[in-house]
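Protein chains in written order, with our numbering: chain X, 4 to 411; chain L, 4 to 411; chain E, 4 to 411; chain R, 4 to 411.
In case anyone wonders, no lab produced these hints; they're calculated from the structure.
Incorrect hints may have been included.
Stated by the list, open to error - With the Cβ distance kept under 8 Å, some of the chain R side facing chain L (calculated, not the full set): (1) M4; (2) L19; (3) L21; (4) T34; (5) E36; (6) I37; (7) F40; (8) I42; (9) T45; (10) A49; (11) H69; (12) L329; (13) D375.
Cβ atoms here follow ideal geometry from the backbone N, Cα and C, with glycine treated the same way.
Number of protein chains: 4
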Amino acid sequence: MHSETVLLEGHIIDSLTLSKVLDTILLLGGTYEIHRFHIGATMDQASQAEIIVQADSDERLENILHQIGQHGANRKTQEAVFAPAPADGVFPEGFYVTTNLETSIRHQGRWIPIDNIEMDCGITLRRHEGEIVAETVPLHKVRQGQPVVVGDLGVRIAPVERRKTESAFRFMGSETSSERSKARMISAIAEEMRRVRADGKKILFVGGPAIVHTGAGRYLEAMIRSGWLDILFAGNALATHDIENALYGTSLGVEIATGTHSVHGHENHLRAINTIKSRGGICQAVESGILTCGIMHACIQHQVDFVLAGSIRDDGPLPEVITDTLKAQDAMRERVKQVGIAIMVATTLHSVATGNLLPAAVATICVDSDADTVVKLLDRGSHQTWGLVTDCEYFLKELVACLNGDAR
Amino acid sequence: MHSETVLLEGHIIDSLTLSKVLDTILLLGGTYEIHRFHIGATMDQASQAEIIVQADSDERLENILHQIGQHGANRKTQEAVFAPAPADGVFPEGFYVTTNLETSIRHQGRWIPIDNIEMDCGITLRRHEGEIVAETVPLHKVRQGQPVVVGDLGVRIAPVERRKTESAFRFMGSETSSERSKARMISAIAEEMRRVRADGKKILFVGGPAIVHTGAGRYLEAMIRSGWLDILFAGNALATHDIENALYGTSLGVEIATGTHSVHGHENHLRAINTIKSRGGICQAVESGILTCGIMHACIQHQVDFVLAGSIRDDGPLPEVITDTLKAQDAMRERVKQVGIAIMVATTLHSVATGNLLPAAVATICVDSDADTVVKLLDRGSHQTWGLVTDCEYFLKELVACLNGDAR
Amino acid sequence: MHSETVLLEGHIIDSLTLSKVLDTILLLGGTYEIHRFHIGATMDQASQAEIIVQADSDERLENILHQIGQHGANRKTQEAVFAPAPADGVFPEGFYVTTNLETSIRHQGRWIPIDNIEMDCGITLRRHEGEIVAETVPLHKVRQGQPVVVGDLGVRIAPVERRKTESAFRFMGSETSSERSKARMISAIAEEMRRVRADGKKILFVGGPAIVHTGAGRYLEAMIRSGWLDILFAGNALATHDIENALYGTSLGVEIATGTHSVHGHENHLRAINTIKSRGGICQAVESGILTCGIMHACIQHQVDFVLAGSIRDDGPLPEVITDTLKAQDAMRERVKQVGIAIMVATTLHSVATGNLLPAAVATICVDSDADTVVKLLDRGSHQTWGLVTDCEYFLKELVACLNGDAR
Amino acid sequence: MHSETVLLEGHIIDSLTLSKVLDTILLLGGTYEIHRFHIGATMDQASQAEIIVQADSDERLENILHQIGQHGANRKTQEAVFAPAPADGVFPEGFYVTTNLETSIRHQGRWIPIDNIEMDCGITLRRHEGEIVAETVPLHKVRQGQPVVVGDLGVRIAPVERRKTESAFRFMGSETSSERSKARMISAIAEEMRRVRADGKKILFVGGPAIVHTGAGRYLEAMIRSGWLDILFAGNALATHDIENALYGTSLGVEIATGTHSVHGHENHLRAINTIKSRGGICQAVESGILTCGIMHACIQHQVDFVLAGSIRDDGPLPEVITDTLKAQDAMRERVKQVGIAIMVATTLHSVATGNLLPAAVATICVDSDADTVVKLLDRGSHQTWGLVTDCEYFLKELVACLNGDAR
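One chain only, chain X, in its complex shape (with noise of 0.2 Å):
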């Protein structure tokens, strides 16, 4: 029988940690011993155990040890093991691969941790101002030669902590359920944007075109126009759909205002591309004068900083939009850093996108009209993670009002 010891520390029952992980160790085969168990006495107290984790062969072990240590049940320390890169875009056999939680590595004998934590990436090593720090790197990013944490050892995960009481999303609990009350859970939301601002840290808006279809385009501009937007992540579609509506009042060709069909109009989409190329640019549309409102105007007009990121479904498309998609997740990595809470409408592509480069421990919303992308995108998510499925147009109608304090 081959075994190991783990210890496991903080609040790790009511935040079912320590159910996780015996569960994990049985699903993998494996069996355990609590050697030691100090459980907090009151709820305020930490608790610790120390669990011998046993298998029948050593691979297997290594594997439940692994698993478990995502979970924050972590090995005696050791210096985690780093390999050279063997060519560009790739990593060395057997590398780490990152998780969205909270990361440090052992090097040197201390803990580093990683500032830009991001699922799915490596874990490399660079001077910085004669430090040394660690980071993540994307596969594709990664350079012949550079140093790759490979393994497990050394490596340090904190266990999800129980959702804050203090939230205010505390009673939003984790369900998905449509039959809930959501007024209650956007003015929620509403005053955690307060929060997130008084932190220091940035509102991201990840937004899908069926905002401007729904003539819901007004509450986001108006969301923008009194600054509740730092960043806008979004596709040819939404600017798109945004500028025919500012230029021609349709979206697809239906009259947002009056909601019938307009002559030409499907057309009015291809239109409105062929008129902001003509320009240069969106921002050239605006200075010229062409582009006098609506939600790409008015963050230019905001500074709020925006990607348009291109898919292969868009027609044009605008010149702003990156059409490159590894570009256009960089530079979208580049500006999730300062992000406090990331607020997902209407757009499974850029939801789930966003998802993927977002630390575990950013507070995000998704809202959706349909409740299979909700969960899907939930499934993804972390503790700090919400659905709504309600419509768009509500839940920023709602929200503009909450955040102007006249929330019906």
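Assemble chains L, E and R onto chain X, guided by the hints.
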């Protein structure tokens, strides 16, 4: 080759009726010749077509004539044929099955319109104040010996009219897309409700329990208190959740005002029922001052005529619930006669049951947060049915605002 | 500060029970101290915890004790308290509301288990062959003067066990994801059905009309004819569609074999009902040789015990349909006692109604093509409930193949 | 009053075209008179209508003429008008926007058909082997000075034909209902694939990663190995999941064969990409004997022409993935020219992108387990698009069985 000539008249081109008739003939294996065709030269004039239908057997021909008869392609005038019901609750062989479209029968040389048209019934005759009237009879109510129409002869259906241009819903199209502005559609519904009232017809509301769960009960209550509803169809669940909320401030144990789980949570549901049963009923609970607010309280105070229909998933149920489904159906059947608009929110069971009873000409609105449900309801619908995929909370909040004239 | 000590024992860590109890205490505004804690050193040993619960008021404390009692954190032994029902169909003030978990009450110094545990009932005593037995009683069946448990004292609930390791479902997780291999899950269900049979328990099938629409009726029929079902719960629609198919080869007028619309289409539905009514019932129609195949025919030939429960959307209905919902519920209640597995396919109404009646320990499978429906059913479920989002056609075809041992 | 006469001919009644044209005129605020109408006396003969369209302004009239032109109601013959593109990637003011219907332009006294018709493009002229050919050009490919059609004059669209009677899909209707027999529909698709092959056209498959997750990859692989696919459109995810499965037996860490979570689970995804990148690509990995089975392996062995298009949610990506979305679109555009049937399974992004490129006449099948997705795809579709709401596992298993002639 067997053939027969049918007549079709009305706005048969722009209502798609002619296309459907010709398509049906081909689909059922027949062929046609258009014998005479007079198309209305302008859009105000009706068109007439005389179509020779051909088939290779008499049986096939009969089938085709029967099917296209349901679109209003009627055979030359003949008297309706009757046969006596062989037993209580049993129609005679070959009985005519009604649609929900405007229908008349030919009897003793004149056309008698069916007053209470309802789909999937038989047609019978009754003597009323010396007059012979024709009316639908559901299967369970037919009595032995009662005359029932058999076959298609002498039954005439008016082709469906195109949707009226002046209708508030004109722009809504037939789509159920969740990607449209709901605010505009809801405003059109409020307008239609005003029109129905001006016409002296009644407003029917059909609602499910999610209305209370989501905190939207107060909007329904407000609609009742401002006199906007005449009839309410619901089940034990809506009434119980509403009363639970009125008595304890919870719905299935969730505090509506704060969204948090209440102590004694889930049980409040059963306690609410028990409390009302101990008083003898909702009405008595209102009178005795136990029940002082909520939807059911408003119904009793404002003489809204309600039917609570039982289902096998009910707890309790409340004394007012009609547990026999045939009796509940008859109670609903009785009340739909004067209805000018039916608004059905967040309930598949009661919406389908109500839809079964309504004539095709009654404007019907189906609201549900699940697109599948709305599509299912519309599948059974007519040209006067519209679906909204949205939260009931948003729908009702906005509708009340529109009815009160203060829509944002 | 008010406080009370509770005991919790069993596999309380890996079943998450301890975590849930501590979380509930905090959520309801209490605090705790863990007085004594003995953790099972190996995974086979049970753990015990003695927890001191504190709250700032006696009422709050009672509430917490009540809630955590539902997870199996029980107070020191006290006798259960009874009060007489004040009237027929009315429980006494403060009655204990049952869960669907294994429950016992303390009476005259010993623990009496509740045999027919069912959620949302009261608990009463009955003398049976000289013995006192404790049993649940639904609200509508309680009679004036009958003793009913009030309050929590002397009521003990067994904490939920972790899912059994040997279970065929072990790997299925609790997810409802549509993105998993169904073939594997269906094979596990077949295995579980075999196990249930070997244990001498019964197999319950709950089905909706889409089974017939989609052409999957033949698979259900095959299961019955190979003796795999003991009990069938359905409504008028499933039986009528099945009989329509048996008599005319259509379901709601669509020819099952070819998928084309039949002449006289939709009416076949009503004609089928009329034909059965004219014979007096399904059983008579089988005997008289009118009905010669289909699901209902198979049920009668193979002595499958069926309950057809009425609903307000029924046409007809068929003579066997129990139109009174309370009587239908009682008929279902009677039959669930020996059930070892419940397979619920394509029906929300009957699935929820059945789920309300089943003990938590019965393995329950919910199958629907709409993810929302499955999620809704699972929300009410226990650790022994699994959901599959898939076609009933695929599910039944594959299940029959697995039961017959020829799965591809 | 401004007016103009248009001609409409073909099977304009049973294809609903006439109804749509008249409806559009009214919807856009015009009126009409039917000047001359010749209805095909039998179903084989085409009908002709000459319609006088009237409107109160010239602008409105132009709009109406433009819209009904898209249904094939064409003005009297005039030459197409051209203007030069003002810059690279910019169309001239008032450019004609293409539909996906069969289109010709009038140039130098004769009608020139557009070969590569595609919606939302411009029309340009090119000299090819001494001949003038007309073709579509997407916005990003137009070059300064290139002639582009402006306005509607001289552009002729063939009205949509009714679905061909002989088509295997005839019975399928346009519904997307999940309540129909899938077995029959899938059998019809197999039949259509045989027909497409017999016609010398190509079969395109568009697939999402759920195909691999659900264990259905082996059916797709089998289709490729039996030579049923010519072209595959997919993304990085499908290819990576397939390769992960080939290398490690897992998909996102779930063991496909047993359904259990694998050790090192989720990371296998990234390791699979890294392994392929270290070899230089999928093709090299096949050649070097690293990759020995799976969908991608089958594509390379059987010369299936695949396009892997990048998206911002990609990890890695694999070397074969085209990360620039415009280049990926062009690669897809190039390949759709010979396609006779497109089968799109479990992917919204790639299905919509492909749908944008296909002519309306190509038979298109959309399969997804989420009804919303299928409805969304069909909304963009033509008369030759069908949707199936079902599991991709069931769909592919059944399709392979049908193609191999051993459908149960």
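Okay, the hints, checked on the actual structure:
1. The interface hint given for M4 of chain R is violated, since its Cβ lies 13 Å from the closest Cβ of chain L, which is over the 8 Å cut-off.
2. Checking L19 of chain R against chain L by beta carbon gives a least distance of about 5 Å; that is within 8 Å, so the hint holds.
3. Residue-level restraint check for L21 of chain R holds (minimum Cβ-Cβ distance to chain L is 6 Å; threshold 8 Å).
4. Annotation: interface hint on T34 of chain R holds; nearest CB of chain L at approximately 6 Å, less than 8 Å.
5. Hint on E36 of chain R holds. Least Cβ distance to chain L is approximately 5 Å, under the 8 Å limit.
6. Taking 8 Å as the C-beta contact cut-off toward chain L, the hint placing I37 of chain R at the interface holds, the least distance being around 5 Å.
7. The closest approach between the C-beta of F40 of chain R and any C-beta of chain L is roughly 5 Å, which is under the 8 Å cut-off, so the hint is satisfied.
8. For I42 of chain R, the interface hint holds, since its Cβ comes within 8 Å of a Cβ in chain L; the closest pair sits about 5 Å apart.
9. With 8 Å as the threshold, the beta carbon of T45 of chain R comes within range of chain L, its nearest partner Cβ sitting at about 5 Å, so the hint holds.
10. Interface hint at A49 of chain R: violated, since its Cβ lies 13 Å from the closest Cβ of chain L, which is beyond the 8 Å cut-off.
11. Checking H69 of chain R against chain L: minimum C-beta separation of about 20 Å lies over 8 Å; hint violated.
12. With a cut of 8 Å, the hint placing L329 of chain R at the interface with chain L is violated, because the nearest CB-to-CB distance is about 26 Å.
13. Residue-level restraint check for D375 of chain R holds (minimum Cβ-Cβ distance to chain L is 5 Å; threshold 8 Å).
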